[in-house]
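Chemist: Below, each chain spelled out in residue letters.
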Amino acid sequence: MRHDIVIRVNGRAEELEVTSSETLLETLRNRLKLFGAREGCGVGVCGACTVLVDGRPVSSCTMLAAMTDGKEVLSIEGVASDGTLHPLQEEMWARGATQCGYCTPGIILAAKFVLDENPRASREEIVREMAGNICRCTGYQKIVEAILAARDRLASKGAR
Amino acid sequence: MTAIGESVRRIDGLAKVTGSVEYTINMELPGMLHVKVLRSPYPHARVVAIDASRAERVRGVRAVLTRDDLARLNIDPYFGPVVRDQPVVAVDRVRYVGDTVAAVAAVDVEAAEEALEQIAVDYETLPAVFDPAEAMRPEAPRVHEGVRPADVGFADIRALNLGEGGPNVASHFILRKGDLEAGFREADEVFEDEFSVPAIQHFAMEPHAALAVAHADGRIEVWSSTQNPSVIREQLAEVFRTDLSKIRVVAPFLGGGYGGKTYPKLEPLVVAMAMKAGRPVRLILTREEVFYTVTRHAVVTRIRTGVKRDGRLVARQCELLFDTGAYADIGPRTSKNGGYAAGGPYRIPHVAFDSYCVYTNKPPAGAFRGFGVPQICWAYEQQMDVIADRLGIDPLELRLRNAVGEGDTFFTGEILHAVPVRTLLQKCAEAVDWPAPSRPASPTRRRGKGLAAMIKSTMTPTVSAATLKMEEDGSVSVLSGTVEIGQGSDTMLAQMAADVLALPLERIRVVHSDTSVTPYDQSTSSSRSTFSMGNAVRQAALEVREQLLRMAATQLEISVDDLEFRDGQVVPKGSPERALGYAEVIRRHFGMGVGSVMGRGTFTTTGHLDPQTGQGKASAFWFTSAVGCEVEVDTETGEVEILSLVGAANAGKVVNPVLAEGQVEGSLLFGIGSTAYEEMLYEGGQLVNPNLLDYRVPTMADLPRDMRSILVEDPHREGPLGAIGVGEPVVAPVAPAIANAVARAVGVRITALPITAEKILRALADAQGGRA
Numbered sequence: 016m017r018h019d020i021v022i023r024v025n026g027r028a029e030e031l032e033v034t035s036s037e038t039l040l041e042t043l044r045n046r047l048k049l050f051g052a053r054e055g056c057g058v059g060v061c062g063a064c065t066v067l068v069d070g071r072p073v074s075s076c077t078m079l080a081a082m083t084d085g086k087e088v089l090s091i092e093g094v095a096s097d098g099t100l101h102p103l104q105e106e107m108w109a110r111g112a113t114q115c116g117y118c119t120p121g122i123i124l125a126a127k128f129v130l131d132e133n134p135r136a137s138r139e140e141i142v143r144e145m146a147g148n149i150c151r152c153t154g155y156q157k158i159v160e161a162i163l164a165a166r167d168r169l170a171s172k173g174a175r
Numbered sequence: 189m190t191a192i193g194e195s196v197r198r199i200d201g202l203a204k205v206t207g208s209v210e211y212t213i214n215m216e217l218p219g220m221l222h223v224k225v226l227r228s229p230y231p232h233a234r235v236v237a238i239d240a241s242r243a244e245r246v247r248g249v250r251a252v253l254t255r256d257d258l259a260r261l262n263i264d265p266y267f268g269p270v271v272r273d274q275p276v277v278a279v280d281r282v283r284y285v286g287d288t289v290a291a292v293a294a295v296d297v298e299a300a301e302e303a304l305e306q307i308a309v310d311y312e313t314l315p316a317v318f319d320p321a322e323a324m325r326p327e328a329p330r331v332h333e334g335v336r337p338a339d340v341g342f343a344d345i346r347a348l349n350l351g352e353g354g355p356n357v358a359s360h361f362i363l364r365k366g367d368l369e370a371g372f373r374e375a376d377e378v379f380e381d382e383f384s385v386p387a388i389q390h391f392a393m394e395p396h397a398a399l400a401v402a403h404a405d406g407r408i409e410v411w412s413s414t415q416n417p418s419v420i421r422e423q424l425a426e427v428f429r430t431d432l433s434k435i436r437v438v439a440p441f442l443g444g445g446y447g448g449k450t451y452p453k454l455e456p457l458v459v460a461m462a463m464k465a466g467r468p469v470r471l472i473l474t475r476e477e478v479f480y481t482v483t484r485h486a487v488v489t490r491i492r493t494g495v496k497r498d499g500r501l502v503a504r505q506c507e508l509l510f511d512t513g514a515y516a517d518i519g520p521r522t523s524k525n526g527g528y529a530a531g532g533p534y535r536i537p538h539v540a541f542d543s544y545c546v547y548t549n550k551p552p553a554g555a556f557r558g559f560g561v562p563q564i565c566w567a568y569e570q571q572m573d574v575i576a577d578r579l580g581i582d583p584l585e586l587r588l589r590n591a592v593g594e595g596d597t598f599f600t601g602e603i604l605h606a607v608p609v610r611t612l613l614q615k616c617a618e619a620v621d622w623p624a625p626s627r628p629a630s631p632t633r634r635r636g637k638g639l640a641a642m643i644k645s646t647m648t649p650t651v652s653a654a655t656l657k658m659e660e661d662g663s664v665s666v667l668s669g670t671v672e673i674g675q676g677s678d679t680m681l682a683q684m685a686a687d688v689l690a691l692p693l694e695r696i697r698v699v700h701s702d703t704s705v706t707p708y709d710q711s712t713s714s715s716r717s718t719f720s721m722g723n724a725v726r727q728a729a730l731e732v733r734e735q736l737l738r739m740a741a742t743q744l745e746i747s748v749d750d751l752e753f754r755d756g757q758v759v760p761k762g763s764p765e766r767a768l769g770y771a772e773v774i775r776r777h778f779g780m781g782v783g784s785v786m787g788r789g790t791f792t793t794t795g796h797l798d799p800q801t802g803q804g805k806a807s808a809f810w811f812t813s814a815v816g817c818e819v820e821v822d823t824e825t826g827e828v829e830i831l832s833l834v835g836a837a838n839a840g841k842v843v844n845p846v847l848a849e850g851q852v853e854g855s856l857l858f859g860i861g862s863t864a865y866e867e868m869l870y871e872g873g874q875l876v877n878p879n880l881l882d883y884r885v886p887t888m889a890d891l892p893r894d895m896r897s898i899l900v901e902d903p904h905r906e907g908p909l910g911a912i913g914v915g916e917p918v919v920a921p922v923a924p925a926i927a928n929a930v931a932r933a934v935g936v937r938i939t940a941l942p943i944t945a946e947k948i949l950r951a952l953a954d955a956q957g958g959r960a
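So the sequence lines, in the order shown, correspond to chains A and B. As numbered in my numbering, residues 16 to 175 make up the first sequence, in order. As numbered in my numbering, residues 189 to 960 make up the second sequence, in order.
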């Protein structure tokens, strides 16, 4: 069965015809050619396919596209605005928190949610919230440092 | 201006944080078909008949590949980097659950999946063997009949004694040095132990993927998530009986490798399918299929060591059984490297090591970060603590007394250089405040500290070549076969070129591995790229520099000795106003703004081991590392918390501190995974946990609160500016360091990885029972 849906992806309305079994990840990659979300485990555990749907992180490999009708989807391609990197992107890069890069978009989106919800999240809270995003390269240390640095930058920006 | 030693941001970082990296899985070709693989449900069976006719009629299906196609396609169906034992698709038998039986190419994945169910295969099951020790018994079922070496084998494979050493033995590495019996007679105490390590997964986040096109004129093009495109090309040339120059293998960015993407995996299958279908094809493995594709060797180590009362090691005998699964892959070399590393980073005058690479009916095992050393380090570093306890010597002191150092002779007879084992151990000991006793947090939460060290070789002999092209605007393209797998090789190589040519990194582009474009490089593995490709790129850059120097000297009518390189210019000493930018030098040389200046670099290493004694030269250089930790063990639950974890490695010279630290930190978490959780579990040859729900890898919650990396710079005389690699060395000592800490905390020793709460509780109960 096919479904006509309209989703806003990175701020742009997309009218799509999707199948019943199609996942949001397949829609993003195969129809919209947005390759920043990637399949890692295929069972919604590793976080490499994380996107934000109405601001909340979801594993796009297990979410059906048809269920996102009318919703707002943010993928990594929409995180930088007007060519300016988000502080999370800048800090991840500057602090060596990305190696192979496969998990990086999911990490950035999950961290964005954590900081959006709780701009003063502690190290412990960040680590607990981020345990659903696996990185096999970095050993996580530099990711935690990058998120903390981005948190502080965002906080000082907000204070201004 | 030098870019060496600075934490410059990685040059591929922008693509990575914006999600725009070009991985193999993102690639599409016009008219491309999607491939799915039919896999064996049996651990060992004869394939009696295959009927693909119904599958071929499924809507959207364009081709089904079975053994019946091999002859018509003129394919020699067996591949393998050491032993040609793995068929493109099953020929007469299947040898493990998950083995490749047949494949379908269709216009979409769904059609291909549907067609798989329509392939009728008639199997006749055969007795199977799952344990390497059982596989070596005379009555064991044979996984293969005979051993056929690869046509283009690497030189070090001569030392492997292929097919010798008993039933189902793919290879037998032998090392003999000194007089073992005399050594044991000299010993005051003899220790005999057995340790084991299960098979685990690399779990690169990106699954294996490959695309292929078979052109009508015989050219073959492959894009693959491979760590060694040149090896893939050689293997494809053997299977498809064609010239290397007709085969193009491209390796885009990889989403992690850790050894799991070395040597042929999907490539022979996708090429055969592209030939059969007459269209481009793409295969992306599911996570479950990755579990069936390659693993880290399960190893059982029997280790017997003779010691003097003062702690000096005098004799050691080791027998290692590497379970290589159904196909040898690079297992014979893995078991060789584990074999000569069995003495650890210590001086032992009398040794005998036997390392067997054994076939069983399980998924194939291959290269994995640490390459055979983590499995054997798990054994010898635990035994060091057993020895220390029995002799009443501090474990650090025992290690320092026996550690190798500059100028010592290794077990292979070669002289060691740049092996600062004592420094590494001392730095780790210092970092965990080794002399201070661990205090229990409570009566049921006991604490202990642990140490471990290791020594590891690099693939030898090898060849790495690079071409450097200075464009007419003075910018530079580095043509290198090194694959960017996340380790930061693009950045490291750009730093090497920038250093020689006095250019900012922004003016240097690293062109990725493409066998039609980039010169030969053996492999992106064995932590060899900084040393080997780093040298090749520097050499190529020096050649460019030399030419610019001569051109500028002519143009300025000045001696080459009076010129220097600064900020992208050739500068006459003392008269900087006459400096020429590189673009200007090239413009004046060619009389117009065109042309390029080319530099070449080739770096080779040599070595050879005698097959009967393992004597000779095993490695161009040696990695050394140590790990220190403190743990807290809950005696009521058996749970282990890592309070601190420190990894130290010799980098020779740190090219980029942040990237180098990242390698050490990543290695520490890799170590935690294999220590605490990771294990492929089988029931009757059937893997029961081939997914991330049942197979756990470390998450951010596993990051120890206090984790540190230490990089020591003991330069290697042949390394570029003294540098060697740091990608692997810290993995191996993590597990034994933690096991040693657990033993010191609660007095029980876990000899089989992983160290689970259940095993600790059982051991504690046994120890209680023993006392009662």
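A hint or two may mislead.
[As the list claims (entries may be wrong)] Computed spacing ranges between beta-carbons, pair by pair:
1) A:Asp167 - B:Glu752: 28 to 36 Å
2) A:Asn45 - B:Asp405: 44 to 52 Å
3) A:Asp97 - B:Asp405: 42 to 50 Å
[Said to hold, decoys possible] Below, computed lysine to aspartate or glutamate pairings styled on EDC-like, alpha-carbon distance capped at 20 Å:
4) A:Lys172 - A:Asp131
5) A:Lys48 - B:Asp381
6) B:Lys615 - B:Glu585
7) B:Lys805 - B:Asp577
8) A:Lys86 - A:Glu41
9) B:Lys496 - B:Asp381
10) B:Lys496 - B:Glu377
11) A:Lys48 - B:Asp296
12) A:Lys48 - B:Glu377
[Claimed, not checked] Chain B regions said to be covered by chain A (calculated; three or more residues, Cβ under 8 Å):
13) 359-366
14) 855-862
Calculated from the structure, these hints are not laboratory results. Computed from a predicted model, the values in this text were never measured in an experiment. Every residue gets a Cβ at the ideal spot worked out from N, C-alpha and C, and that includes glycine.
Chemist: Which of the numbered hints are not met once you compare them with the structure shown?
Modeler: 1, 2, 5, 7, 12 and 13
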